Amino acid sequence: MTSFVAWFTSSIVYGTVIMYGALGETLTQKSGQLNLGVPGMVYLGAFAGFAGGFMYEKTAASTNEFLLVLIPLLCGFGGGALGGLLYSLMTVVLKANQNVTGLALTFLGVGIGTFGGIYVLADAGFLSFATARETAALFNMNINAYIEAGVFGEMFLSYGFMVYAAIILAIVMFIIMRRTRVGLNLRAVGESPATADAAGINVNRYKIVASTIGGGICGLGGMVYVIMYGHGGWTTTNSIEALGWLAVALVIFSTWKPLNAIWGSYLFAFLFWFSNYFPTVTGIVLPTYAPYLLQMLPYAVTTIMIVLFNFRKKKENQPPAALGLSYFREER
Amino acid sequence: MRKFSKTPQEAPVSAGAAAVAADVNVGAKKQKRQPLFRVIKRGTSSICHGLFIRLCAIGFALLVILLFLNGVTGYDFNTIWELLFKGAFDTEFSVNMWLNSTVMLLIISVALAPAFKMKFWNIGAQGQVLMGALLASVVMWYFAEDMSYSGSVFVMLLFGFLAGGLWAFIPAFCKAKLGTNETLFTLMMNYIAIQLVACTVRIWQGGNTSIGLINPNSEAGWLAPLFGNPYGAIILIAAIVVVFMTIYLNRTKHGFEITVVGDSPNTAKYAGMNTAKIIMRTVFISGAICGVVGMLYVSGVEHTLAETLGGSYGFTAIIVAWTAKFNPVVMVLVSMGIAFFERGAVGIRNTTTQLNDYTSYILIGILLFFLIGCEFFVNYKIVPGEKVSEAYHKFRAKLEQKAPWLVQGCAWCAAALHKASATVEKFFTTAENKVKGMAGKLCRGALDKTVEAVEQCAFRIVLRGDKYKTVVYEKEEHAPSSPTAAEDASADAPESAVCEGEKEEVRND
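Protein chains in written order, with our numbering: chain A, 1025 to 1356; chain B, 295 to 803.
Any given hint could be a false lead.
Label-pair ranges, simulated between beta-carbon atoms [what the hints assert, rightly or not]:
| no. | chain 1 | residue 1 | chain 2 | residue 2 | range |
| --- | --- | --- | --- | --- | --- |
| 1 | A | A1146 | B | P559 | 45 to 55 Å |
| 2 | B | D384 | A | A1146 | 20 to 30 Å |
| 3 | A | L1321 | B | G500 | 17 to 27 Å |
| 4 | A | L1321 | B | G501 | 19 to 29 Å |
What the hints contain is simulated information worked out from the structure, not anything from laboratory work. Every value quoted in this text rests on a predicted model; they were computed, and no experiment measured them. Beta carbons are placed, not taken as given, at the ideal position from N, Cα and C, and that holds for glycine.
Excised from the complex, chain B in its bound form:
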């Protein structure tokens, strides 16, 4: 670092942000312009460092939030904490509400992860949720009373899945085939979906002021409580989605393709990947899971349709997915935190007239800004420029003369900190590698076995159906000059090719 600051002219990197600092010196001689600070990208960001920075960011965010609430309401910090916790976890009802918020936010964030990992900016989660909700409620409104419970839930899930997926597929198709800007496209699709839902609601309510609950008496199409919790089924689905997405993104060929297309489309092209197909497939899945969330809202939470369904979770989830760096486990934590502030703000608002319904927006906004901003300090490091380091060395030399013990103490502390962080980091990396290895082995083993079983099953079915062709194929191999066999073989050319591959496998067995 020191060497670098002494010879800034030879420095291979110069900072973009430093230029801002440099402008301070514009008045001075132009050639001698030196940035006060330089910004350098970290090669590999360590886990310990990242964790430390993020915890610091959350700490600062909490401090700002507490100061804000303190300034507005005049409560002291302890009371604020108490009220926040009371608002989120006081009664069984509030715990359930918190769980519900967490889980909904979580599923949408997890759904967005593959699209974002592919650098496809799906801002349209709101619209996809609403389209899923719309089609699911159409099933609920017209057909659910004639169906069995499991049948109606299954059909609603299917319709929600397809509706959300297709709504996301439109911008994906245009992006893949025409190269349109997906950010603006998906954003517009949100508002089209909102108005479509509003329109449907007005049609259904007829002359009334609202449509009320759908099927209030028969409760057809309503998700029944599971594990004694009204949102049990939703939590189960969330767990399934999280596990599925973790495996899908990290342990499958599709997941690998998504990563490659996201990191470098050119690499994907040269590797022979069908980029258009991958984009459309991934975004369909992303939107489809959002559609399932819409179905869950209609069937499991609200039991009605409204254009305000899901609140602003479609947008919040985007930030959650981004700040969690597409790691589902981190997403769970972040969505828990955001749901906590949302519910907690309700609790604290009820105690004073100084706060109102929109308090939670400010709290969450502050938290999000700190989480987004701290990424810079995770990925980059700030190096002092020539002037600053010169001043620092002068100051240090002076200090060494006057109070050598202070300098030594500081140096010792720094060394100790460094050592401690190194050990913690080592522990983390080894633990992570071990867990990753074990989980990977387990997952891969299980996946391989399932794939094998499915392949064998399919193979047997094909073999049975194609007995005749297999025989022909064998004939051809033994007597290639036979005219009839050759004719048959040419007529069934594709099938015989398939048989050939399968036959080889049989021999291997």
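Isolated chain A, as found in the complex:
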């Protein structure tokens, strides 16, 4: 039972990272921008959040708890948002191709993130305690440590506030997209920019703002990965990049709906940890190649779903109609 609870909790934390990436990318794609730079933006946010927290802890004489939380949050959001802004300026103002720019952003973001992370560590002399420890402690602070609610508390209350913030963000995004004028305009821009333009909506501004905020949300995911999941230590593994692509898959899997992204992200993370926890939970020993087959599942299922949606032709499951297409008013 305890190992199942561990499986559950690590899925929730890991899934939160994917969820932030997917929510940011959903917002971006809803405006018709197919930004393939998610891994880059997640990396940028991860690096900026880590560097912000780490440098503040290192330089400040006495740390303020409020600033310890605020600085990584702002840095993480800002790092990702800068990536999104660069992308949208390239595609909207400079009219570059969306796919190519997105991939270049992945390249640059992964480069800056990994390089900068190691650079910061090298500056601190690669010492093992080169972690943003106080910040991580604040981000991992939870109610369960105080009230001891047993298994229920461990499963649902033992997370830092960013886990709950992700769910709230998804609900808020759902409400904004479905129930407000801004959301309607945003969806119109993604579905048919020419119509939106004719209706007086500033297409370019919507695209730029959506990409920038979307990038910022992706960046928050990276920050959560390093500060909360990695307990404030910078890791140079490729896991962040894989997370970024998982987020892209999740956007399709959730059929561009923020609410579906909530359970989808936990499901993806559950599958990700399957091979780690399944043997200890059930006592069944898996062959050595099983983890890789299981990690293939999210991608395989998403691929099948892409095909199935095209068969069924249900309108609410289709991607935004103008996804990946640039809109230039004079080239109509």
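For chain A, the structure is supplied; the task is to place chain B on it using the hints.
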């Protein structure tokens, strides 16, 4: 230009990007909103102008790269250049590594060119390379030791070709028949391929930590050095692929169909082209060449299988193919440059603790962004809006009063520049036309001759096999009322139709 700026209300075009600039003035009266700048598409972009812009972009990218390295390491510019060059070209080994990187990137970019030209966004080069590598290594692992060298290499090439092609064919089929979004589909296929390869590696390694080299003792299935270079065979294949693709895209019916489907699917449909078939065929070829790259990695470079095979070249190549505008010669240059920075970054990293393995990502990322961004200035021109041009004219009038020599000098310089660029451009266009004409003639002549020879050959074989039917056909022509001949003819209707066409050709001969 001046006339245009005076009457902006009548302007036929207004800029999308200018709207951003316009927002600055939102606070002012709404009706008098005037964009500061307008963006206009250039009708035909000249070679000279394009070259100049791109060179400028590369220059700026280099400057940013140097400033970045200077800021991080504290070396001066000369030292940085020296270290970069040393890293890429110092020893024979590093030159070979550079060549290898260049060639691999080049083949993948060239492979992607037809798909992109058709506006089929094949993001799945990584997966296609890995599937080619997977099947080639399966041959190497199980069968290569029982085969001759040339036999094993041929079979591996074939399997790599088919595996990559089929892996690309799946999304192509869904796109052509169902209209799925190929960008997302091919992207997902990458990760499925990565996990499949990882899975195979784990199966093969059994209880060990890695599979090590495949056939380390017999070296069966390993590409032997050619021309005294360990990567000679790979370079030869790259050259063949580049030449083939240049001819295929520019001088064949298939290439023409690809261009038409890419530029205007409706035109292709009205012209009676089978769009679905063209998409599937082209993407198969594109993926198959990527699969060959996978085979080359397994057989010629790594001699083993890993899910990290090929690094991120599958993605880099997409940007290379795009920035080169599908021109194989430009692709050679761009991939050389990217490989240079990749290898050079290794050289400079080894000299200082301030840099790490990921330096090359930043350098290449900066270069790519400048290359992508400069396309805007190649294709569009920025025209000042009313306010800006008014201010400019006021300023100019003032300047003319105070320092007429400066204005005149500037005007003279501008005229000289204009003239110079016009001459250079003229030279370029004539030279290009001449080369194109000559090459075209040569290629077309050679192609026509081969096609003719093949046709004649096939024709003879068919004729020999169908002697009897030809006779029947002749009988029918002479005596159409004969019942037996008519029966025979109706039984062999398709064949006789074929014979008819061939017979006409014989008569022409």
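Practice prompt. Please name the hints from earlier in the document that this structure breaks, with their numbers sorted from lowest to highest.
Written response: none
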